Amino acid sequence: MTPLPDDCLTRNEWICGAYLSTRRQILLDAVVQHLQLTSLSVLLGLVVAVPLAVLARRWGWAAGPVLAVTTILYTIPSLAMYSLLLPLYGLSAALVVAGLALYSLTVLVRNILAGLRAVPEETRQAARGLGYGPVRLLLAVELPLALPAAMAGLRIATVSAVSLATVGAIVGYGGLGNLIYAGMNSYFKAQVLTASVLCVLIAVAADLLLLGAQRLITPWTRTARA
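Counting in this note's numbering, the sequence shown tops out at residue 316, every number present.
These are computed hints drawn from the structure, not numbers from a lab.
Treat the numbers as computed from the prediction; the structure is a model and nothing was measured.
Pair ranges (Cβ atoms, derived):
| # | residue 1 | residue 2 | range |
| --- | --- | --- | --- |
| 1 | ILE116 | ARG214 | 52 to 62 angstroms |
| 2 | PRO309 | MET274 | 41 to 51 angstroms |
| 3 | ILE116 | GLU211 | 48 to 58 angstroms |
| 4 | LEU306 | PRO141 | 24 to 34 angstroms |
| 5 | PRO155 | CYS98 | 50 to 60 angstroms |
| 6 | THR112 | VAL138 | 35 to 45 angstroms |
| 7 | LEU181 | THR112 | 27 to 37 angstroms |
| 8 | ARG101 | LEU291 | 23 to 33 angstroms |
| 9 | GLN115 | PRO210 | 50 to 60 angstroms |
| 10 | MET274 | THR100 | 15 to 25 angstroms |
| 11 | MET274 | THR112 | 18 to 28 angstroms |
| 12 | ILE116 | TYR179 | 18 to 28 angstroms |
| 13 | VAL287 | GLY180 | 23 to 33 angstroms |
Glycine residues also receive a C-beta, built at the ideal position from the N, C-alpha and C atoms.
Could you put together the complete structure from these sequences and hints?
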């Protein structure tokens, strides 16, 4: 009788190099899907959040309803959110992207609005005195000065999306969440730990990249601190 192999996979250990070497392609596919879900959802959330924040800044009465609705969206449990969106998107990656985008709105809208409100009124008046119209004022003055607060919100929304994307495993599109879910069902320790650690690494890497981008596009904040 051929003896059974005595390795970390057979022993079902938490830390297992053999798992990494034998499941390399599976892990790579899961990481790629996770990155796609996260980046698309945050980008979609940003596309929706910027106009909402601008409208809330322009029309003060709209700020309360906008913030209230985005906050309520964030309180909806993931299962309920996907159930509500299911008739629109079916069991697809778009379902997960839409849900994550809605969750990101509460952070993005609040931070962008806070950044716009922090722009000094004398700066707006000076720009108007130079002939800036509403659109040019927004694009050339208000949004650039709101970038530090907006980028802070973008970092939080991105890290949250990396974490929440794993819940997409309930509909088969969860990136690394698929591996975590399958590993928990089969008590596959190495798979659960490896996928979880990769999620953390993606979140940290995304946060550092956005922090670096923030420092590059807002050099005046470094000068002010100095």
